[in-house]
Structures are given as C-alpha cells and as structure tokens.
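Participant: Listed below, chain by chain, are the residues.
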Amino acid sequence: MAVDPKMRFLVVDDFSTMRRIVRNLLKELGFTNVDEAEDGAIALQKLQAGGFEFVVTDWNMPNMDGLTLLQSIRATPNLKHLPVLMITAEAKKENIIAAAQAGASGYIVKPFTAGTLSEKLNKIFEKMG
Amino acid sequence: MTANNDSSDLEALFDSIAGDVKAPVPAPKPAEPPPAAGKAGDDDGLQALFDSVAADYAAPEPAAPKAQAAGESSEAWPGQESVFNRIGHMARELHDTLRQLGYDKLLEDTVSALPDAKDRLAYVANLTEQAACRVLNATDIANPLVDQMEKGAAELGNRWDRLFVNEMDVAEFKALANDTRAFLKDQLPQKTRATHAQLTEIMMAQDFQDLTGQVIKKIVALAQGLESGLMGVLIEVVPDTRRTQEVDKLMNGPVVNAEGRTDVVVNQQQVDDLLDSLGF
Numbered sequence: 000m001a002v003d004p005k006m007r008f009l010v011v012d013d014f015s016t017m018r019r020i021v022r023n024l025l026k027e028l029g030f031t032n033v034d035e036a037e038d039g040a041i042a043l044q045k046l047q048a049g050g051f052e053f054v055v056t057d058w059n060m061p062n063m064d065g066l067t068l069l070q071s072i073r074a075t076p077n078l079k080h081l082p083v084l085m086i087t088a089e090a091k092k093e094n095i096i097a098a099a100q101a102g103a104s105g106y107i108v109k110p111f112t113a114g115t116l117s118e119k120l121n122k123i124f125e126k127m128g
Numbered sequence: 000m001t002a003n004n005d006s007s008d009l010e011a012l013f014d015s016i017a018g019d020v021k022a023p024v025p026a027p028k029p030a031e032p033p034p035a036a037g038k039a040g041d042d043d044g045l046q047a048l049f050d051s052v053a054a055d056y057a058a059p060e061p062a063a064p065k066a067q068a069a070g071e072s073s074e075a076w077p078g079q080e081s082v083f084n085r086i087g088h089m090a091r092e093l094h095d096t097l098r099q100l101g102y103d104k105l106l107e108d109t110v111s112a113l114p115d116a117k118d119r120l121a122y123v124a125n126l127t128e129q130a131a132c133r134v135l136n137a138t139d140i141a142n143p144l145v146d147q148m149e150k151g152a153a154e155l156g157n158r159w160d161r162l163f164v165n166e167m168d169v170a171e172f173k174a175l176a177n178d179t180r181a182f183l184k185d186q187l188p189q190k191t192r193a194t195h196a197q198l199t200e201i202m203m204a205q206d207f208q209d210l211t212g213q214v215i216k217k218i219v220a221l222a223q224g225l226e227s228g229l230m231g232v233l234i235e236v237v238p239d240t241r242r243t244q245e246v247d248k249l250m251n252g253p254v255v256n257a258e259g260r261t262d263v264v265v266n267q268q269q270v271d272d273l274l275d276s277l278g279f
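If you read the protein sequences in the order shown, they are chains A and B.
Heads up, the first sequence is in numbering that gives the first Met the number 0, so the first residue is 0 and it goes up one at a time.
Heads up, the second sequence is in numbering that gives the first Met the number 0, so the first residue is 0 and it goes up one at a time.
Calculated directly from the structure, the hints in this document are not laboratory data.
By construction, the Cβ of each residue, glycine as well, lies at the ideal position given by its N, Cα and C atoms.
One should not assume that every hint holds.
With a cut-off of at most 20 Å between alpha-carbon atoms, the simulated DMTMM-like pairs for lysine to aspartate or glutamate come out as follows [as the list claims (entries may be wrong)]: (1) A:Lys91 to B:Asp272; (2) A:Lys126 to B:Glu258; (3) A:Lys91 to B:Asp262; (4) B:Lys184 to B:Glu149; (5) A:Lys26 to B:Asp139; (6) B:Lys173 to B:Asp146; (7) A:Lys122 to B:Asp139; (8) A:Lys109 to B:Asp272; (9) A:Lys91 to B:Asp275; (10) A:Lys5 to A:Glu27; (11) B:Lys248 to A:Glu93; (12) A:Lys109 to B:Asp160; (13) A:Lys122 to B:Asp272; (14) B:Lys150 to B:Asp160; (15) A:Lys79 to A:Glu27; (16) A:Lys122 to A:Glu27; (17) A:Lys26 to A:Asp3; (18) A:Lys109 to B:Glu258; (19) A:Lys126 to A:Asp3; (20) A:Lys92 to B:Glu149; (21) A:Lys126 to A:Asp13; (22) B:Lys190 to B:Asp160; (23) A:Lys91 to B:Glu128; (24) A:Lys109 to B:Glu128; (25) A:Lys122 to A:Glu37; (26) A:Lys92 to B:Glu258; (27) A:Lys109 to B:Asp262; (28) B:Lys190 to B:Asp139.
Listed below are several chain A residues computed to face chain B (Cβ distance under 7 Å; list not exhaustive) [what the hints assert, rightly or not]: (29) Thr16; (30) Arg19; (31) Arg22; (32) Phe51; (33) Ala88; (34) Asn94; (35) Ala99; (36) Gly102; (37) Val108; (38) Thr115.
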C-alpha cells in the first residue's frame, strides 16, 4: 500500500482533546501533516483554501455540524472527491445511514481504538486506489 | 347554629372553593346545614355563591367548541370568557395538584439547586479537560524518550551483530564497549526515570475522578428529584396520548444507556455490519 505519508489531513472536532488524540494517532500511523479545525464552518474555509487530501470530522459541533460539512464537501466541485471519515459519539442507526447516504467514506463511533482508526483509514486508502 | 358559626362555615366554603377547585362536589357540602337551620340571609348568600361556582364549572364544557368555531374573529367572541375561565381553572388545578402532592416545594428546591448544578458541571468539565491535557502532555514527553531508547538499543544491537560475525576491529570494539556501557549506565536509566515520571503524571492526572465522581453523584440525585417531580406533574396534567413523543433528531451525543434500545449501535462492529448490510 503506497500511501503518501505527506498526505495532508484536516481534523475537525470542537474538543481540542479529541483533535489532539486523533492527531497523535495519525502521527503514530506515519501521517504528520495534520491541520485542525474546531467546527464545520472553519473546516470548510480551510478546505476551500486548498491543499487537503483527507478529512476526519466529528458530527456534533457548533456553527456547522459534521453532516452539513460532509454535504457541503460533496456539493462543492473541487472538494467532492475528498475522503471524509466521521468519528462521532452519535450511535443511532439513522445517523450512520444518514452519513453513508451523504457520502461519508467511513464511520467510527466513539470511544474508538487506534486499531479501528488504522483499519478504517486503510480501507479508505484501498478504495481510493 | 349561630350566625357566627354560619359565617365561619361560609369562610370554610370559600376557602375550600378557592383552595380546591379540583373537588367542586364535596366543597358545597358544608353549605347544606345552614338552610336546615333556617337562617334566610346566610342561605341566600350561600346559594348565590354556590350558583356562581357551579356556573363556572358547568359553563366551559359546552362552550369550548363554540369558542373554537368563533376563533377567527378578532373581537371578543362568545365563548371567550368561558375559555379564559377554563384556563384559569386549569392553572388553579395545576397549582393545587402541585401543592397537594408536595411537588411545589420539591420543584422550588430543585429550581434553586439548578444554578449550583450548573456550576458543578462546569467544574467537572474543567477538571476532566485539565486531566486530558495533563495526560496528552505526558505522552508527548514520554513518546520521544521511548523512541530514543528503542533507537539507541537497535543501533548498539546492530554493532554487536557485526562483532559476532567478525566484521569489527579492536578499536571499533573498544568504542562499542564504551558506548554500550554509557548506554546501559547513563542514557537508559535517565530515560526510564523520565518515562517513569511521565507515567506517574498520567496516574496522578486521574485524581479528577474522585472529585468529579462526588460532584456527579450530587447532580444525579438532583436530577432524580427533578425527574420524579416533573414526572408526577406530567402524569397529573398531560393526556396519555401526548406522553410518548420521543425526541427525534440526529444530534443526541453519546448513548448513555443502550440497554433495550434497538435504534442504536453499541460498538464499531455493529456500525460496520450496518453499513455492509446497506451496501456501503
């Protein structure tokens, strides 16, 4: 699996602790090029500025939630190809279905393990080819 | 019966009506003896009072549909007064129900406890955030230390491998012996001590649990009081059909108790199975 370790990630979560944890886990997996955003609105701004290749986002956030962010990404021509992995505490089946229908590349429920993150990332990389 | 007794009867009747709209039928009972006693004046007064109270109760029932039909006219409509009366009675009924069941005191206590609960929850959020930061800081410090130990050991190990396949001259061997000694006697103990200090820091960061646990227990007790109070009120005043409206939205936060629920997943495997079953 030849995945560019310089791949640029955007980690979106309103809690700095969770952003730090995801950032650390990505670092352990070899991805050190990580930026953070604290809600969907800020994330969308950063994404539109360009340069990102992967989005990891929470669902429940102020200003713009993760589902809206996902829908906005999929509706924006120059962003819609971006893989979006959701990491969220929302565990209702309708949430998971809504995320999948909106075009999420993966769905991880909190609390999660480093192994789960690694597995889901690899699965997404495989699909990206 | 003296006039004095009658007037206290009147007062009792008035109080009972004012204080207990819920039970209009038993309320007039004290009014019955005075007519038997033949005190005409009191009798009239009581009768008038009884009539007015009885009218209040009888009127709203048939008036309600009329009021609805006339709802569009902006001026005072025919059933207006009876609707207001009815609402007034409902408010009174609610108030009295609360009081009879002792909920007013309970709700009052609870409401006054809410600001305190807010502060306590803010305290919990604060302590847990601090703890998370301490732990993350400690791992940030400890990870490079462990990496250095691993790298140092691997490097020395490779050099020892070379010695064992006779690829090393005496000068190199001396350097290796010195480096190994330095690694074992200085670098390794210093780094393990530093790592140990960070592990202790991680352990100590868990001290929030004791404090937040106490605070959360208090808030749970408060919430239970509030819940049972409000539940009592709801059962008294809300029609059955309105009781089972589930809050239904997509931002619910973590599932605190998944027992008996079929609409939520409890682990990653179930997420994956669900997505697989839907072909995603």
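Participant: Next step is simple, just say for each hint if it's right about the structure.
Facilitator: Status of each hint after checking the structure:
no.: 1; hint: A:Lys91 to B:Asp272; result: 14 Å, holds
no.: 2; hint: A:Lys126 to B:Glu258; result: 35 Å, violated
no.: 3; hint: A:Lys91 to B:Asp262; result: 6 Å, holds
no.: 4; hint: B:Lys184 to B:Glu149; result: 16 Å, holds
no.: 5; hint: A:Lys26 to B:Asp139; result: 11 Å, holds
no.: 6; hint: B:Lys173 to B:Asp146; result: 26 Å, violated
no.: 7; hint: A:Lys122 to B:Asp139; result: 28 Å, violated
no.: 8; hint: A:Lys109 to B:Asp272; result: 16 Å, holds
no.: 9; hint: A:Lys91 to B:Asp275; result: 16 Å, holds
no.: 10; hint: A:Lys5 to A:Glu27; result: 13 Å, holds
no.: 11; hint: B:Lys248 to A:Glu93; result: 9 Å, holds
no.: 12; hint: A:Lys109 to B:Asp160; result: 45 Å, violated
no.: 13; hint: A:Lys122 to B:Asp272; result: 15 Å, holds
no.: 14; hint: B:Lys150 to B:Asp160; result: 15 Å, holds
no.: 15; hint: A:Lys79 to A:Glu27; result: 28 Å, violated
no.: 16; hint: A:Lys122 to A:Glu27; result: 17 Å, holds
no.: 17; hint: A:Lys26 to A:Asp3; result: 13 Å, holds
no.: 18; hint: A:Lys109 to B:Glu258; result: 17 Å, holds
no.: 19; hint: A:Lys126 to A:Asp3; result: 15 Å, holds
no.: 20; hint: A:Lys92 to B:Glu149; result: 44 Å, violated
no.: 21; hint: A:Lys126 to A:Asp13; result: 28 Å, violated
no.: 22; hint: B:Lys190 to B:Asp160; result: 24 Å, violated
no.: 23; hint: A:Lys91 to B:Glu128; result: 26 Å, violated
no.: 24; hint: A:Lys109 to B:Glu128; result: 17 Å, holds
no.: 25; hint: A:Lys122 to A:Glu37; result: 26 Å, violated
no.: 26; hint: A:Lys92 to B:Glu258; result: 15 Å, holds
no.: 27; hint: A:Lys109 to B:Asp262; result: 17 Å, holds
no.: 28; hint: B:Lys190 to B:Asp139; result: 14 Å, holds
no.: 29; hint: Thr16; result: 4 Å, holds
no.: 30; hint: Arg19; result: 5 Å, holds
no.: 31; hint: Arg22; result: 10 Å, violated
no.: 32; hint: Phe51; result: 23 Å, violated
no.: 33; hint: Ala88; result: 4 Å, holds
no.: 34; hint: Asn94; result: 6 Å, holds
no.: 35; hint: Ala99; result: 4 Å, holds
no.: 36; hint: Gly102; result: 10 Å, violated
no.: 37; hint: Val108; result: 5 Å, holds
no.: 38; hint: Thr115; result: 5 Å, holds
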